[in-house]
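Participant: So you can see what is in the structure, the chains are spelled out below.
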Amino acid sequence: MELAFYLSSLVAVLATVGVITGTNPVHAIVYLIVSLIAVALVFFALGAPFAGALEIIVYAGAIMVLFVFVVMMLNLHPDAEREQTWTHPRYWLGPSVLALVLLAALVALLGQGGVGETIDGELLTAKAVGMTLFGPWLMVVELSAILLLAALVTASHVGRRSNPLRNNENRGGTP
Amino acid sequence: MMAMAVILSFLFPLVGTLILAFSAGRLGPRASATVGVGSVGLAALATLWAVLTHTGGSQGVTLWNWISVGDFQPTIGLAVDGLTLVMMSVITGVGFLIHLFAAWYMTGEAGITRFYAWMNLFVFSMLLLVLGDNLLLLFLGWEGVGLCSYGLIGYYYQNSANGQAAFKAFVVTRIGDVFLALGLFLIFMELGTLDIATILARAPELWEPGSTTANLAALLVLGGALGKSAQVPLHTWLPDAMAGPTPVSALIHAATMVTAGVYLIARLNGLFLLAPDVMLLVGVIGAASLLLAAFAALAQTDIKRVLAYSTMSQIGYMFLALGVGAFDAAIFHLVTHAFFKALLFLSAGAVIISCHHEQDMGKLGGLWRKLPVAYGGFIVGGAALVALPLVTAGFFSKDEILWQAMAADQTGLLIVGLLGAVLTGLYTVRLILGTFHGEPGSDHARHPEPGTNVFTHHLPLVVLAVLSTFIGAWIYPGLGELFPQAPGETTDSGHTLLQVLAMGAAIAGLALAGWLFLMRRQWLDDIARKGAGARLWTLWHHAWGFDALFDRVLVRPWQWSVRMLRFDFINMIMNLPAVVARVFNAGLVRAQNGRTRSYALVMVFGATLILVALALAPGGGA
Amino acid sequence: MNGIPMEHGLILASILFSLGLAGLMLRRSMLFVLMSLEVMLNSAALAFVVGATAWNQPDGQAMFLLVITLAAAEASVGLALMIQLYQRFRSLDLDVASRMRG
Amino acid sequence: MLTLESLIAILPLIIVATTAVVVMLGIAWQRHHAVTALVTAGGLVLALLSVPVASGALSSPPLMTMDGLAIMGSVLVLLCALVTVALSHHYLTGYIGPREEFYLLLLCAVTGALGLVASDHLATLFISLELLSMPLYGMLAYSFRAERSLEAGIKYLVLSAAATAFLLFGMALIYARTGRMDLAGLAAGLAATPDPWTLAGAVLMVVGLGFKLSIVPFHLWTPDVYQGGPAPATIFLATVSKLAVFLVLLRLIMVAPIFDSEWLRSLFTMLALITMLGGNLLALFQPNLKRLLGYSSIAHFGYLLVAIVVGGQLAVETTGVYLITYLVTTLAAFGVVTMVSSPFGGEDAAGLHHYRGLFWRRPWLAAVMTVSFLSLAGIPLTAGFIGKFYVIALGVSDARWWLVGSIVAGSAIGLFYYLRVMVTLYMPEPGMRRRDAVHDWGSRVGGLTLMVVAVLILVIGVYPGPVIDWVVGLSGVS
Amino acid sequence: MILVWLILIPFLGGLLSWQAERWSEHAPRWIALGTMLFVLVISIFLWLTGDFSLPVDGNSQWLLEWRAPWIPRFGIEIHLALDGLSLILVALTGFLGTLAVLCSWREIVQRVGFFHLNLLFILGGVVGVFLALDLFLFFLFWEMMLVPMYFLIALWGHSGSPGQTRIRAATRFFIYTQASGLLMLVAILALVFVHFSNTGELSFSYDALRGTDVPEPLAFWLMLGFFVAFAVKLPVVPFHGWLPDAHAQAPTAGSVDLAGILLKTAAYGIIRFALPLFPEQSEAFAPVAMTLGLVGIIYGAVLACGQQDIKRLIAYTSISHMGFVLIALYSGSELAIQGAIILMVAHAFSSAGLFILSGQLYERIHSRDMRVMGGLWSRIPVLPGFTLCFVAASLGMPITANFVGEFMILFGTFPGAPVVVVIASVGLVLAAIYSLLLMQRVHYGPEYRTGPLKGPDAREYGMMLTLLALTIAVGLYPQPLLDTTAAVSAPIAELFTGGADLAARAGEVN
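Residue numbers (this note's numbering), protein chains in the order written: chain F, 80 to 254; chain Z, 30 to 651; chain E, 390 to 491; chain D, 1405 to 1882; chain W, 230 to 739.
Only pairs whose alpha carbons sit at most 20 Å apart, straight line, appear in this in silico SDA-like list of lysine to any residue:
1. Z:K559 - Z:G391
2. W:K683 - Z:A50
3. Z:K392 - Z:D472
4. Z:K399 - Z:I381
5. W:K683 - Z:G54
6. F:K206 - E:N445
7. W:K683 - Z:S52
Partial list, derived from the structure: chain Z residues whose beta carbon lies under 8 Å from chain D:
8. A620
9. T625
10. V631
Rather than coming from a laboratory, the hints here were simulated on the basis of the structure.
Keep in mind the model is a prediction, meaning the values are calculated, not measured.
Note that CB positions come from ideal geometry on N, CA and C, so glycine has one too.
With these hints in hand, go ahead and build the complete structure from the sequences.
Facilitator: Next up, the structure:
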């Protein structure tokens, strides 16, 4: 179990590095999918198979497909991305160091405290999660339903391609 | 009865001022002159009435309570005694003659109304000064005199030099006034009153003679007197004050203003007697002014400036007298000086107007035939100034002063006085010779237009000329009983010797002058033109360089600081927060560069900072 | 070996979180930015699952579910906006959309 | 347990959510702007009326609470939403394109806000916050054809999502440490001294919430989003969103002991200081009114952070009163912008030059603007002064001199730009092209609402008694 | 209730004149004039009927009092009260308000209604300051009058260099006073909370807070909070930066109000609040305050000499004069405090006169720059004479009220602080310099341009004459004023010596 955890952790980290450093959108998406699957494996290793399954189905499956779809739709090419300059240290050094410092601070804090709990990989079934969700958390589920509705409406409104009035475009954005 | 007369005497000039001021140019020159001269004339009559009805001693009348807070109870109240009446007579009498002469002098000038309004106010202020029964009211008149001198010296306001002179006169005398004010504060604090009679009564009870407080109080009052009476070192305004019309100079020098200091010290005699050191200082300052001014008068070319320095010199005599405790002698000289100095100034005015405003001795000369009245005035006045023995008023008063100095064993002062008498002869002769004899220096002097008006031109000159002779000395009543005993009253030994000495000095002066200016003219001019002589001449011409000294020590640093501070550096410092805010604003706005990435960067930076701080905090912040 | 220390799970989440942040700060393309955001949300979700398994509770996993819901919603709206961005500027470069500043 | 009775406690939320569904169905059936607005407003009014009923409920559903703070929050959220609806109606009348979705999104967001103020559990907190934010992306980018609106939407989405990630990570850390997510549980679990995990979690949560409140240094999005979004969306963002988030932050402070640690207090003090000063300094020379109001709102939340630092009974009262004054003021200020911007479909008329000489064209509108800016500046006889008075009183009562000092300094700096705006309204009109409110703005619903709000500013400023009493009555709980 | 009306009348009048612009251009002027005259008449009526003797034990020190609850949560009341000092200042407000309306008659031609709205709101606020006794209410009025003043300067100010400077001046004025006002609010609140922790009662009432026992270091800071607020408005030197700009840019009416009454609110505040609330701290602070006063006297005078703008010159002289007032207030001498009150009134007259005169000059030659003046004496009838009179008043010439004020201050302060008086006396010389400099540059010297200018009309003449008559009347017979305020000044003066007396008495007992 432990081995699986650390191994898939390593994969997840490496794949994520690939995501943020990639230049080809499609490659990056594939890296991200790998990363997500690795995290799903971590979930399995931790004893949360339900979460792992959802990770693969919803995240890697649904959301990432959406990304791929959009990338295909926009017909993006690696060269379409204008990030010529970003290889220069001046551009990546600062943010990277910042992220590292943040990480270091977090790790230091994690090392300072804690309750000494360990994860022994005991399984937690989907039923338990379901009982919680549709028991006391029912209101939360309802709220997330409205959240999805809102996202749907937003996406459908913003995603409109056609302009009702073509000349409208000239009106907006005048300085 | 007398109260009524006294009130009327100062009310007339006030009413005159008000009428003139609010006529707003609706009165013609004649009407203005009539009002202006008439009001002072009426005041003189009222004064005469007061003198006649005066029954001796000190009489007071309180008009109303001015301020009343706790102990601070100054009133608007008048006190009349012999000294007051003498002063009033001089002010209104001589003042009236000067006003009358001014009616001739000012003919055709613009702003006659303004002139007379100021003149009347001048007389009013001076009357208030001598009438006030408390020091605050006296101070009111004191300041009023200063303001009027400002208005009159700057009468020809379109020439900025005149404005400067007026300005200087006011500010320099104001410096003296501040000392007087401080003296008032001290006296009030120590004695709890400002009433003059009470002060004189209480001071000896509360103050030890020669104590610090008494010395300080006397010193401060003296400071005020120095400013008004143009004594060293606050004398520099006086020669410049000649910028005003000549009647104004006459009024300032003879009847009002400069005599105020003498009056003040005489009035507060009790105070000064408690401070012998300061008394001595008064005498020394008087002697110094006397000599200094006499030398300066020797080197002047402007006739009015000669007269101005002579005034300063004569006031020096008065201070000398005050310094040796001869208050009566000082007032006596004040009176006679008022007569002959008014005469001299008015005569000078007659010359100046006749010669189309020419007052440089170098450009005058040879006028004695063409301007007989003025010449006569100069001769009589000059004689009085020189103290020509027996026939002139000046002789009697000056002799009295010198005698008192001698009686007080102040040999130094006596010698200075005698030396001054010699010098007086010198510069007087030089003045008369330069103006009336010799060759005319300019066309103006060749074709003068003599004054012909009997009433406004001849009458004042003649009356003053008469008063400048022994008659003037005659009518002085003598105020000995008002003042503490003068040193000369206890003894009479050596008086004759002194009189001889004084006569000798006056005559010696005249003789020396005659010899120098008539026989050795060329030799004198040569000396004055080169080497040490020239330097001395320049030094005397600029009255020992006091102006330059003050310019360097006071005026320039002042102007420099005004220039430096003009931009309000404290305010600039207070504006620093605004500058800081601006800098911060610029910095913060730079961060708003519109890029989502850098927004995220800043946000993460903030979060990181907090987390690092937490991680570094002892015990993780717990 | 008796189980994985909770710290390790959380450190993994932290690493992923930091990587997501780095991506967010580094990348100009909105696509990559959105992906970085997914990584960050995912790392938070991981942390919840770690907590849930450590305490052996269902709550954390329920929370995980909510996070996924949010991620999906976020992605859909984000992608819709991205399409608009592309239509307007013919580019996914976020720096182009920086007309408001100051 | 979720019983029917406990549902009564969240009746307003249910009514609003139902209205959202009704509006959605309405859109699907037949689009009609006025009717949609009316239905929305009706739903909000109904919800408002149900608040007293809800407050009488004996129990509340799990993960939620309906205490005084929540009731206060609900009422304020609903009122602000109502005003926003009225102004939106005015604004959208001039909008070309589908208008009805805006109301739908707004209702969803209101649901989120109502949930947020009533949340008693990290899950509710989180999901409500997202429910509040998600529609806002849409609202901000609503007129996405205008570049700036789109830009605003994207910026807010990206940064807000990042902030959410921070918030979630923080929650996860706290959860990992305590194993509890309900606030009562947290309180119980952390009764002992706080430890680094929970503090780190709390800090990360503060980052997430601080972003929404635009606390310096998490504030940079504010001006851009304020400027780019359509005026009603900005209004909603500036009022409802901030109000709800602040209340939930306050609740965390009040309930959970980790947020009460000395270290966090000093952190909040620092944040308050730099937020007050930073917000005001940023606004100094800003020529764009909407950006300026953005900066000003940063500063105002800096002042309000004093309540977080001090805590306690008076802090809750202060928060209530200050929020009320801030809300009426902000509504009025943005309301004027809405009025002037409405007739045009393009970018909002926010440049200061648009307002030059407004007084001589639209005196009453300019008067409303003046009153609101006076109130922002905290000048007596306006509501803003009462708010500022409370905050200073709070700071003084706890002897927090640094905070008090920087409130004074901040106010002084703030005056500079508030006055700049105010005097512009009265300057002579320039000859240049200008934009203007429609002639009969005052007789329209939006205009009337605006007038009422402006009058409210003055009424609260002159006679704040009732408002204070109301807040005092509600702040006794929790 | 009459007190409420005193405050309300200007406000109502202001609203009325704003709306009256619809009827005619002159309607707002007449309404404003009537309003201010009404206030003046009421206050004079109160003066004539009032009894201003020292209160006998148990009697209220107030002539009139009115209170109503306002914000019970904090124990805030609407508490108005009137005593001799307030009455004189209210009457002064009414009088100068009338003048302000009159002197704008010709000067303001644009947006007349709104102008008078602002003007009357300022005056209403000022009256409120003079009457309010509840500290919250006092602060409220204190801040409230700033807004209309701001508009007055910013909108009707002289457009010197293009547009911006007057707004800057107005903004600076506002920020200075508001920021310092907030410090005062902090001090008030701290005082209230200390009182609360002492007694358990929240109250902003003057009477309740007076005896509050504040722990030592805090008390000093609180006193400083009050002092700074008043020091800014007085103004005391480091805080004077707003004044010259505000004066120079303000319309005549604004300058008149500013110099005539707004500055006096500060002195009033010190007398009414700063000293009685913190007597011991104030006494300890007195040397510093006096030093600041001295710095103000000298610094203001020196700067006045360096100005080119006639209104800036007058503004700096105000700083100098207010230095005297500050010295007096902290002298602990009844005579000096009475003198300060007289000087306040006198300065109101003389500076108002000078400002109105410079306004009239501006109407004629369209400049305030003294470099383009000179020789005006021959070009304008009458006005130069009035200028000389007010200049004389400004330099403290006897006969004028300024002399009485300044000398009472110096007489009163001398026993306690002779060194201060000596240095302050230098200010008398400097006063002469700057005052005559004004005269010199404007009216004397060669004519800068030729051609006669219009003399004053009846309105201008009347204003000048009234001011001059009042200046001289107070200068010659200030007793009615002194009697009215005696009951106020005496207790204030006792505050300082009170501690010493008690200590001395305690010594005797032991």
